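Peer 1: With this note's numbering applied, the sequence shown closes on residue 348, and no number is skipped along the way.
Treat the hints with care, as some may be off.
[As the list claims (entries may be wrong)] Straight-line alpha carbon distances no greater than 35 Å define the calculated DSBU-like cross-link-like pairs of lysine-lysine that follow:
no.	residue 1	residue 2
1	126	176
2	68	126
3	176	114
4	137	72
5	225	114
6	173	225
7	203	116
8	164	176
9	134	120
10	176	320
11	341	134
12	126	116
13	120	184
For the record, the hints were derived by calculation from the structure and aren't laboratory data.
A quick note: this is a predicted structure, and the numbers were derived from the prediction, not measured.
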Amino acid sequence: MPSKNTIIVLRFSAMGDVAMVASVLKEFVAQNPKKEIVMVSREAFKPFFNDIPNVVFHAIQPKIIHKGIIGLYKLYQELRKYQPTAIADLHDNLRSRTVCTFFRLTGVKIKRLDKGRAEKKALTRSENKIFKPLRQTVERYADVFRNLGFTLHLSHLLKQNSQKLPSKATKLFNQLSVKKIGISPFAQHLYKVYPLEKMEQVIASLSSMDFELFIFGGGKSEQAIAENWANSYAHTHNLIGNFDLTEELAIISNLDIMLSMDSSGMHMSSLMGIPVVSVWGPTHPYAGFLGYGQSEDNCVQVDHPSRPNSIYGNKPCRCGVENCMDLIEPQTIVNKIKDNLNG
6 MPSKNTIIVL RFSAMGDVAM VASVLKEFVA QNPKKEIVMV SREAFKPFFN DIPNVVFHAI
66 QPKIIHKGII GLYKLYQELR KYQPTAIADL HDNLRSRTVC TFFRLTGVKI KRLDKGRAEK
126 KALTRSENKI FKPLRQTVER YADVFRNLGF TLHLSHLLKQ NSQKLPSKAT KLFNQLSVKK
186 IGISPFAQHL YKVYPLEKME QVIASLSSMD FELFIFGGGK SEQAIAENWA NSYAHTHNLI
246 GNFDLTEELA IISNLDIMLS MDSSGMHMSS LMGIPVVSVW GPTHPYAGFL GYGQSEDNCV
306 QVDHPSRPNS IYGNKPCRCG VENCMDLIEP QTIVNKIKDN LNG
């Protein structure tokens with residue numbers, strides 16, 4: 006007989022969205038301790054779920070084993086061995102719908118994420134914009150579990166999840182009295198990135214105050230930029246390319262605050278219970294993607310009738326001659342961080 010305690014959760018990408026799922030699952034397993042979760046996502050995101058009890062991680066490999074309809078049927082065959090009685094589709098894309106179709110044919114209960122597409126279109130359109138806060142993405146995830154019949158109340162509180170530092174990072178934290186600031190200055194979409202020359206001014210100011218700065222998140226090109234900053238400013242350390250995701254999460258858990266774009270750095274910090282000062286351009290926290298437990302008071306942004314014009318940050322700003330990111334002064338960001346650390 007199938008177990009009545011196993012739920013399969015589908016969310017394959019993107020990094021920040023999967024980190025938000027992890028924040029929701031922490032609350033779910035605490036309130037439903039007899040339930041077991043099989044989390045299906047990309048192998049790279051497994052560290053988000055390592056310390057959540059009753060969660061088994063099952064990797065999808067969409068470019069190799071699970072490619073195309075035949076590959077997704079293979080994934081279904083792998084997942085049916087868990088004998089689930091419910092599927093929580095937190096992605097609602099072609100791949101997740103295909104997997105759900107296979108399960109539906111066997112009578113498994115399925116509920117799917119409501120992305121609120123019409124509301125988001127109204128929030129971002131240039132004419133007749135409806136500017137109001139939309140349902141938070143984490144609540145939309147929670148709704149899927151509620152629609153499956155489970156009890157789930159989200160606290161929306163940051164809960165610090167301090168972890169042991171990687172051995173090669175301990176020397177960076179040996180001055181206990183010095184405040185530690187993470188900086189996640191990059192994002193998948195260019196339009197969500199605060200101008201790098203202004204970010205460098207932020208780093209220069211914070212460095213001059215003797216804070217310890219740690220730069221996260223990026224590939225080879227971003228690593229080169231971060232290395233240059235680390236070599237140019239005291240107390241500034243580049244972590245890109247030097248630590249894996251598990252180690253980065255452990256380091257983040259030992260920070261005092263994170264400075265991030267509207268990106269995965271914000272959601273990783275939320276997962277570790279670390280407050281974030283976030284910088285917003287063509288996107289907006291009203292779209293529902295503010296980090297779990299984060300305060301809108303810590304969102305640095307400019308008021309403009311054209312904002313937001315993008316949900317995911319894949320469209321350029323429509324604020325006129327100057328990009329809305331350019332209108333944010335570096336000192337505004339520095340002051341917001343100082344206010345948090347002194348508060």
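Peer 1: Hint by hint, note whether the structure agrees.
Peer 2: Taking the hints in turn, this is what the structure says about them:
no., hint, in the structure
1, 126 - 176, "violated, 48 Å"
2, 68 - 126, "holds, 31 Å"
3, 176 - 114, "violated, 51 Å"
4, 137 - 72, "violated, 39 Å"
5, 225 - 114, "violated, 44 Å"
6, 173 - 225, "holds, 21 Å"
7, 203 - 116, "violated, 44 Å"
8, 164 - 176, "holds, 26 Å"
9, 134 - 120, "holds, 18 Å"
10, 176 - 320, "violated, 41 Å"
11, 341 - 134, "holds, 29 Å"
12, 126 - 116, "holds, 23 Å"
13, 120 - 184, "violated, 38 Å"
Comparing the model with each earlier hint shows violations of hints 1, 3, 4, 5, 7, 10 and 13; every other hint is respected.
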